[in-house]
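Student: Spelled out from the first residue to the last, the chains are:
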Amino acid sequence: MTSKKQLGGVVEDAELNKNVGNFSYWVHRITGVGLAVYLLMHTFVLSSAISGPESFSSRMQDVQSPLFAILEILLLAGVFYHMLNGLRVTLVDFFGWTRHHKLFLIVVAVLFVILMIVAIVLQIPKFDIGNYGVGG
Amino acid sequence: MDAKLSNQSVLTWFLQRITGLFLGFFLITHINVHHLLHDITTKGLISFESVSENLASSTFWKLYYFLFVPMVVYHALNGLWQIIADFRLSGGAALTIKILLWVLGIVLVVIGAMTLNNLFGGA
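These protein sequence lines map, in sequence, to chains A and B. Quick note on numbering: our numbering labels position 65 of the first sequence as 65, and the sequence is numbered without any gaps. Quick note on numbering: our numbering labels position 18 of the second sequence as 1018, and the sequence is numbered without any gaps.
The hints are simulated quantities; they were obtained by calculation from the structure and are not laboratory data. Check each hint, because a few of them may be wrong.
[What the hints assert, rightly or not] Residues of chain A clear of chain B, computed beta-carbon distances all greater than 10 Å:
{"hint": "1", "residue": "Arg29"}
{"hint": "2", "residue": "Leu40"}
{"hint": "3", "residue": "Thr43"}
{"hint": "4", "residue": "Ser47"}
{"hint": "5", "residue": "Gly52"}
{"hint": "6", "residue": "Glu54"}
{"hint": "7", "residue": "Ser57"}
{"hint": "8", "residue": "Leu67"}
{"hint": "9", "residue": "Leu74"}
{"hint": "10", "residue": "Thr90"}
{"hint": "11", "residue": "Phe94"}
{"hint": "12", "residue": "His100"}
{"hint": "13", "residue": "Leu105"}
[Stated by the list, open to error] What follows is a set of in silico ranges between Cβ atoms, one per label pair, in the way DEER data are often shown:
{"hint": "14", "chain 1": "B", "residue 1": "Thr1029", "chain 2": "A", "residue 2": "Asp128", "range": "22 to 28 Å"}
{"hint": "15", "chain 1": "B", "residue 1": "Leu1095", "chain 2": "A", "residue 2": "Phe127", "range": "45 to 51 Å"}
{"hint": "16", "chain 1": "A", "residue 1": "Gly52", "chain 2": "B", "residue 2": "Arg1088", "range": "43 to 49 Å"}
{"hint": "17", "chain 1": "A", "residue 1": "Ser58", "chain 2": "B", "residue 2": "Leu1095", "range": "40 to 46 Å"}
Remember, it's a predicted structure, so these values are computed and weren't measured experimentally. Even glycine gets a Cβ: it sits at the ideal position worked out from N, Cα and C.
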């Protein structure tokens, strides 16, 4: 049962098991690592508040640009997928709904698309960010 | 099976799901308030003043964020640990990584608390 290869075994598993469950598992891990990295960057940006209001406002200004507005869409995609799939995994784990996990993945996909459409529509005004002043 | 499949424990599996459920609720409101519904076309860019204004008035937000930060840090680092644990590292290597993750977690929670304290008007 146990493969001697470790990283190699991971790749082997992915090739042998082409089911959607395996795919959703890998996307969950990749988005999870991505969000952990984002958490570090988010903490770095916001921690400027420790040095005072001016420092916080100026660093916040640096991350409010059209480029970051686009990157935020990518962030939201990671957040929404990880959130919805995590809920699916939790429900399947806690209530023993393993036999219905593929149905739930379809529900996850539909909700993901809806949330992303809302997110993109709300992000679009931010592409014009250079035109807005600093608010109070 | 002659070897452990993973160093994961039932406790970390369970806590990951519980914190995950909480974070689902937290993130929906967090993203709404600070990232999507703050209309920069009318309110201008997010600044120290605009964030403090949203937060300072309410005990609810203080409680919300002082619970949110430790939970998100735990969930993120425990998630990383679960991935690392699947590589079935030796006892020494696993322990070293665990200690590093705990140190990183405590540092992040302290920075988070100091940040929040300043955003809430300082002490």
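Student: Please go over all the hints and tell whether each is borne out by the structure.
Tutor: To see whether the hints hold, each was checked on the structure:
1. Arg29: violated, 6 Å
2. Leu40: Nearest chain B Cβ is 8 Å from A:Leu40, so the label is violated.
3. Thr43: Given a closest Cβ separation of 6 Å, the condition is violated.
4. Ser47: violated, 5 Å
5. Gly52: violated, 8 Å
6. Glu54: violated, 8 Å
7. Ser57: With a cut-off of 10 Å, A:Ser57 comes too close to chain B, as the shortest Cβ separation is near 4 Å.
8. Leu67: Fine: 14 Å to the nearest Cβ keeps A:Leu67 off the interface.
9. Leu74: Consistent with the label, A:Leu74 stays out of reach of chain B, its closest Cβ about 13 Å off (over 10 Å).
10. Thr90: Given a closest Cβ separation of 5 Å, the condition is violated.
11. Phe94: violated, 7 Å
12. His100: The assertion about A:His100 holds, with a minimum of 18 Å to chain B.
13. Leu105: holds, 17 Å
14. B:Thr1029 <-> A:Asp128: 22 to 28 Å: Cβ of B:Thr1029 to Cβ of A:Asp128: about 26 Å, so the range 22 to 28 Å holds.
15. B:Leu1095 <-> A:Phe127: 45 to 51 Å: Taking Cβ atoms as reference, B:Leu1095 and A:Phe127 lie about 48 Å apart, which means the hint holds.
16. A:Gly52 <-> B:Arg1088: 43 to 49 Å: Once the Cβ atoms are compared, 47 Å apart, the range 43 to 49 Å for B:Arg1088 and A:Gly52 holds.
17. A:Ser58 <-> B:Leu1095: 40 to 46 Å: At roughly 42 Å between Cβ atoms, B:Leu1095 and A:Ser58 fall inside 40 to 46 Å, so the hint holds.
Hint check: violations occur at hints 1, 2, 3, 4, 5, 6, 7, 10 and 11; the rest are consistent with the structure.
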